[in-house]
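Engineer: So you can see what is in the structure, the chains are spelled out below.
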Amino acid sequence: MPLVKSGHIVEDRFVRVLDDEPVPDTGSVLVPATRFLADHAEFAHREAPTGVIWPNDRPVAELVPHLDQLALVALVFPTFKDGRAYSQARLLRERHAFRGELRATGDVLRDQFLYLVRSGFDSFEAKKTADAEAFAQVVARYSVFYQPTGDGRLSARRRRLSDAEPGREKSAREVAQ
Amino acid sequence: MYLYDDLDRALLDDRVAEFRDQVARRISGELTEDEFKPLRLMNGVYLQLHAYMLRVCIPYGTLSSPQLRMLAHVARRYDRGYGHFTTRQNIQFNWIKLDELPDAIADLGKVGVHGMQTSGNCVRNITTDQWAGAAPDEIEDPRIFAEILRQHLTMHPEFSFLPRKFKIALTASAHDRAAIRVHDIGLRMHRNGAGETGFEVVVGGGLGRTPYVGKTINPFLHKRDLLSYVEAILRVYNQFGRRDNIYKARIKILVHELGAEAFGKEVEAEWRQIKDGPLALDAATIADIASRFSYPDYARLADDPTELSQARQTDKRFDTWLGNSVANHKQPGYAIVTLSLKPEGAPPGDATADQMDAIADLADKYSFGEIRVGHEQNLVLPHVAQHDLPALWRALDALGVATPNVGLVSDIIACPGLDYCSLANTRSIPVAQELTRRFRDLSLARDLGRLHINISGCINACGHHHVGHIGLLGVEKNGEEYFQVSIGGRADEKAGLGTLLGPAVPYAEVADVVEDIVAAYLELRERPDEIFLHTVERVGVEPFKERVYATR
Ligand code: SF4
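First to last, the sequence lines map onto chains Z and R. The working numbering puts the first residue of the first sequence at 12, with every later residue one more than the last. The working numbering puts the first residue of the second sequence at 11, with every later residue one more than the last.
Derived from the structure by calculation, the hints contain no laboratory data. These numbers come from a predicted model, not from an experiment. The beta carbon of each residue, even a glycine, is placed where N, CA and C say it ideally should be. Incorrect hints may appear among the rest.
35 Å max Cα-Cα, derived DSBU-like pairs, lysine-lysine [as the list claims (entries may be wrong)]:
| no. | chain 1 | residue 1 | chain 2 | residue 2 |
| --- | --- | --- | --- | --- |
| 1 | Z | 92 | R | 326 |
| 2 | R | 177 | Z | 138 |
| 3 | R | 258 | Z | 139 |
| 4 | R | 107 | R | 285 |
Residues of chain Z clear of chain R, computed beta-carbon distances all greater than 12 Å [claimed, not checked]:
| no. | residue |
| --- | --- |
| 5 | 24 |
| 6 | 60 |
| 7 | 70 |
| 8 | 76 |
| 9 | 81 |
| 10 | 100 |
| 11 | 105 |
| 12 | 109 |
| 13 | 122 |
| 14 | 129 |
| 15 | 141 |
| 16 | 174 |
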């Protein structure tokens, strides 16, 4: 499954460690939520980066005390139709100010990329190589966005109001809250 | 009319290009039908029994004459010369070929019309009163807020993959013509004690398999909080709405399972966190959207001009039509005219390309180029000078859209049913056609007064049978078409669900049953002006039940 980051297909430096596997001393690891929550004190002492796979039916508020020690949060799309992780992503970014890597995993297809980016994801485990290769082109397809999200794109509303009143919020980045 | 600016246009152009690419990938085989399905659905393309169907969005039911002409063009060029107006203020084309879809959508895009979000598990077309901006009892023009919501919810990244489809309706009049209490979110604009305008917020209404009348979770929401509050509702729903069972996935089930009060508290808690963020609607934003609407430049006219009273005296048919299809306008000297798409023997809500073109011309001549689509599947010319009514009537009559049956027994709402729809148990259009024949006598229809018949071909309730004064629901019994009959439903400000009369009746008998119900009403009513609904409310369903099942 190709990983897309910053618009390019890149090597995944995180190694997935399952619930019952030993955690290596070095190297970035990605662990399931239950494992992480049970052993978070130990993970806090690791030198190398830790990431967590967070299921889409568990409130991200539970992660908030640990966000500082996490380099990566991987959210899950069991099917593309299940959009719960979009809300989780926005909450992590916009409400809880998570600045680490936010990864979309599972049934991640080309036609979701833009929605994912706009919700705050910055890495993508694309299901198909062709989709991963088309990433840059697909997310550049639209130039107008009606709603402000935490991704920094100006909404149509702000663009109109600043056109009407030059100088007013001309360069404002719309970061929620 | 809301006028698109460069930003609105750019988004639509990008969407048209994207869809063209998606269709090309489907035709080349790069996409399987399974993979293509969610993409086409997002653009209003369904696979029906016989062909692809394109559902085109008419935002809050408002069309300009060039837009209506373009719909006529699409009907003629890509379909079989007609379109079908739906109960969601949309239009459907039933016979479009896959390889022509991108061109059809591109043509529509030229006039700012599209099929985005007319299907799929996203927020659908925001609907409102078809008399918005013209109704005398209106507080403010609800279309401004419908447009604010439309923009915010178009390609919303967080809410494009909800548990299920999501429908929002608004009204700003005391009389609810938008059926807001049977929507996922219903918004009723009203004034509070301090004279400020805001919204009563109703959630969890809806028909279908498990019908509910919505519950009020906020009696007064200030205008500035409209977007943040709707965002909070959608965020709660997106996270907690059921996804394990398609029949339990609508927000009404979540509201029911949690209880309206607990649901309201969840929403409130979420809303408190975002209400002062970028979604707060300042006066400048509301004024900016309002300024993008064009309004008619009314002439100063007096009510009841002599042309009108003369025509009423000399032409009985005109007078009848006027009494039935013309309503008061907020502007003196003007009127709101409803065009009946329910002539005797025709499928409800259908209009031919030629009719659409002609209506667009009449709108230019008599209604400031504006046309509306109502959820009753009729069209409206919203701003007609009263002195033009006789001439307009002659033209409408010649077109076959002046049957004076608006709101009467033959003004039937029906879904497409088995003639088109792959989910149907029964036909519904032929039942409607038969009923219009049985009740062709318009003086009888007038004597019966207001009586709404709604027909759905299956439990999905696209014909809103639960809220019909008489509701017919198609069911299957041993491979045969049957109908469940209910009475006493209503969709207005006192919305309520109809009561089932008894065992389902065979297809061949359903028109007889409706006639029996109507005959029973004529005997039971206390006075001629006690409408059917009020008689049912007064005497209950028993006497109707006896009448219908006594001989069956
Ligand atoms: S009510 Fe059923 S039969 Fe009628 S259009 Fe809807 S899904 Fe089809």
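Engineer: What are the numbers of the hints that this structure violates, sorted from low to high?
Structural biologist: 1, 4, 7, 10, 11, 13, 14, 15 and 16
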